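K.L.:
Could you build the full structure based on these sequences and the hints that come with them?
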Amino acid sequence: VVLLGRAGGLCDRFGARAVLGGAGVLAAVALLSLAVLASPPTAVAALAVSGVAYGATAVAVPVATARHFGAARATAVFARVFTAWGLAGLVAPVAAGAAYDATHGYGAVLVSLGAAAALAGAAGAALPPEPERS
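Going by the numbering used here, 112 is the number at position 112 of the sequence shown; the sequence numbering is gapless.
Rather than coming from a laboratory, the hints here were simulated on the basis of the structure.
The hints are all genuine.
Simulated restraints, written as ranges between beta carbons of each label pair:
id: 1; residue 1: Gly97; residue 2: Ala72; range: 40 to 50 angstroms
id: 2; residue 1: Pro41; residue 2: Arg80; range: 37 to 47 angstroms
id: 3; residue 1: Phe69; residue 2: His104; range: 42 to 52 angstroms
id: 4; residue 1: Thr103; residue 2: Arg73; range: 39 to 49 angstroms
id: 5; residue 1: Ala76; residue 2: Leu37; range: 42 to 52 angstroms
id: 6; residue 1: Leu119; residue 2: Ala76; range: 18 to 28 angstroms
id: 7; residue 1: Gly9; residue 2: Ala126; range: 18 to 28 angstroms
Quick caveat: nothing in here was measured; it's all calculated off a predicted structure.
We put the beta carbon where it would ideally sit given N, CA and C, even for glycine.
P.N.:
In C-alpha coordinates form, the structure reads like this:
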(Lines of atoms letter the chains of each structure in order from A; the text may use other names.)
(Lines give C-alpha, C1' and ligand atoms only; values in the text may rest on other atoms or scores of the structure.)
Protein backbone atom coordinates (compact mmCIF):
# COMPACT_ATOMS: atom_id res chain seq x y z
CA VAL A 1 0.00 0.00 0.00
CA VAL A 2 2.84 2.40 0.84
CA LEU A 3 4.51 1.67 -2.51
CA LEU A 4 1.36 2.46 -4.47
CA GLY A 5 1.38 5.94 -2.96
CA ARG A 6 5.04 6.25 -3.88
CA ALA A 7 4.41 5.16 -7.47
CA GLY A 8 1.84 7.92 -7.86
CA GLY A 9 4.38 10.41 -6.55
CA LEU A 10 6.99 9.03 -8.94
CA CYS A 11 4.53 9.52 -11.81
CA ASP A 12 4.06 13.13 -10.73
CA ARG A 13 7.77 13.75 -10.39
CA PHE A 14 9.25 11.83 -13.33
CA GLY A 15 6.26 11.03 -15.53
CA ALA A 16 4.30 7.85 -16.05
CA ARG A 17 6.49 6.73 -18.93
CA ALA A 18 9.58 6.70 -16.67
CA VAL A 19 7.69 4.67 -14.07
CA LEU A 20 6.42 2.24 -16.72
CA GLY A 21 9.92 1.87 -18.16
CA GLY A 22 11.44 1.29 -14.74
CA ALA A 23 8.75 -1.18 -13.74
CA GLY A 24 9.37 -3.18 -16.91
CA VAL A 25 13.09 -3.32 -16.20
CA LEU A 26 12.47 -4.38 -12.59
CA ALA A 27 10.09 -7.12 -13.66
CA ALA A 28 12.46 -8.35 -16.37
CA VAL A 29 15.40 -8.52 -13.96
CA ALA A 30 13.30 -10.35 -11.37
CA LEU A 31 11.90 -12.90 -13.82
CA LEU A 32 15.21 -13.57 -15.56
CA SER A 33 16.98 -13.88 -12.19
CA LEU A 34 14.46 -16.45 -11.12
CA ALA A 35 14.95 -18.38 -14.37
CA VAL A 36 18.73 -18.49 -13.89
CA LEU A 37 19.20 -18.59 -10.12
CA ALA A 38 16.41 -20.84 -8.89
CA SER A 39 16.65 -20.99 -5.11
CA PRO A 40 14.26 -20.15 -2.27
CA PRO A 41 15.96 -16.81 -1.42
CA THR A 42 16.03 -15.82 -5.09
CA ALA A 43 12.37 -16.75 -5.44
CA VAL A 44 11.38 -14.61 -2.45
CA ALA A 45 13.40 -11.63 -3.72
CA ALA A 46 12.16 -12.05 -7.30
CA LEU A 47 8.54 -12.28 -6.20
CA ALA A 48 8.93 -9.19 -4.02
CA VAL A 49 10.50 -7.21 -6.87
CA SER A 50 7.82 -8.49 -9.26
CA GLY A 51 5.16 -7.31 -6.83
CA VAL A 52 6.76 -3.88 -6.65
CA ALA A 53 6.91 -3.68 -10.44
CA TYR A 54 3.29 -4.82 -10.78
CA GLY A 55 2.13 -2.29 -8.20
CA ALA A 56 3.98 0.52 -9.95
CA THR A 57 2.48 -0.55 -13.27
CA ALA A 58 -1.00 -0.72 -11.75
CA VAL A 59 -0.62 2.93 -10.75
CA ALA A 60 1.22 4.24 -13.82
CA VAL A 61 -1.07 2.78 -16.50
CA PRO A 62 -4.19 4.71 -15.44
CA VAL A 63 -2.08 7.83 -14.85
CA ALA A 64 -0.58 7.58 -18.35
CA THR A 65 -4.01 6.89 -19.85
CA ALA A 66 -5.58 9.92 -18.19
CA ARG A 67 -2.69 12.22 -19.05
CA HIS A 68 -2.49 11.19 -22.69
CA PHE A 69 -6.19 10.95 -23.47
CA GLY A 70 -7.62 13.58 -21.13
CA ALA A 71 -10.34 13.26 -18.55
CA ALA A 72 -13.15 13.07 -21.10
CA ARG A 73 -11.77 10.00 -22.92
CA ALA A 74 -9.71 8.35 -20.15
CA THR A 75 -12.54 6.17 -18.84
CA ALA A 76 -13.40 4.70 -22.24
CA VAL A 77 -9.76 4.13 -23.15
CA PHE A 78 -8.86 2.64 -19.77
CA ALA A 79 -11.83 0.27 -19.98
CA ARG A 80 -10.19 -1.28 -23.05
CA VAL A 81 -6.79 -1.39 -21.37
CA PHE A 82 -8.24 -3.01 -18.25
CA THR A 83 -10.17 -5.57 -20.33
CA ALA A 84 -6.94 -6.59 -22.08
CA TRP A 85 -5.17 -6.71 -18.71
CA GLY A 86 -7.87 -9.02 -17.34
CA LEU A 87 -7.77 -11.23 -20.42
CA ALA A 88 -4.01 -11.58 -20.03
CA GLY A 89 -4.57 -12.55 -16.40
CA LEU A 90 -6.84 -15.37 -17.54
CA VAL A 91 -4.75 -16.60 -20.46
CA ALA A 92 -1.25 -16.39 -18.93
CA PRO A 93 -1.68 -19.08 -16.25
CA VAL A 94 -3.15 -21.51 -18.76
CA ALA A 95 -0.32 -20.80 -21.22
CA ALA A 96 2.29 -21.14 -18.46
CA GLY A 97 0.78 -24.47 -17.42
CA ALA A 98 0.84 -25.73 -20.99
CA ALA A 99 4.48 -24.63 -21.35
CA TYR A 100 5.34 -26.41 -18.09
CA ASP A 101 3.66 -29.58 -19.34
CA ALA A 102 5.58 -29.38 -22.61
CA THR A 103 9.01 -28.57 -21.11
CA HIS A 104 8.71 -30.00 -17.56
CA GLY A 105 9.92 -26.75 -16.10
CA TYR A 106 9.26 -23.04 -15.83
CA GLY A 107 12.61 -21.86 -17.23
CA ALA A 108 11.26 -21.13 -20.71
CA VAL A 109 8.18 -19.45 -19.26
CA LEU A 110 10.26 -17.20 -17.02
CA VAL A 111 12.61 -16.23 -19.85
CA SER A 112 9.63 -15.50 -22.13
CA LEU A 113 7.96 -13.41 -19.43
CA GLY A 114 11.22 -11.61 -18.71
CA ALA A 115 11.56 -10.73 -22.38
CA ALA A 116 7.92 -9.57 -22.48
CA ALA A 117 8.50 -7.42 -19.39
CA ALA A 118 11.57 -5.85 -21.00
CA LEU A 119 9.54 -5.10 -24.14
CA ALA A 120 6.74 -3.64 -22.04
CA GLY A 121 9.25 -1.44 -20.22
CA ALA A 122 10.68 -0.27 -23.53
CA ALA A 123 7.18 0.47 -24.84
CA GLY A 124 6.35 2.42 -21.68
CA ALA A 125 9.58 4.39 -21.87
CA ALA A 126 8.87 5.13 -25.56
CA LEU A 127 5.49 6.74 -24.89
CA PRO A 128 5.27 10.29 -26.14
CA PRO A 129 6.05 12.97 -23.58
CA GLU A 130 3.12 13.82 -21.35
CA PRO A 131 1.22 16.97 -22.18
CA GLU A 132 1.93 19.89 -19.87
CA ARG A 133 -0.34 19.92 -16.83
CA SER A 134 -1.74 23.17 -15.56
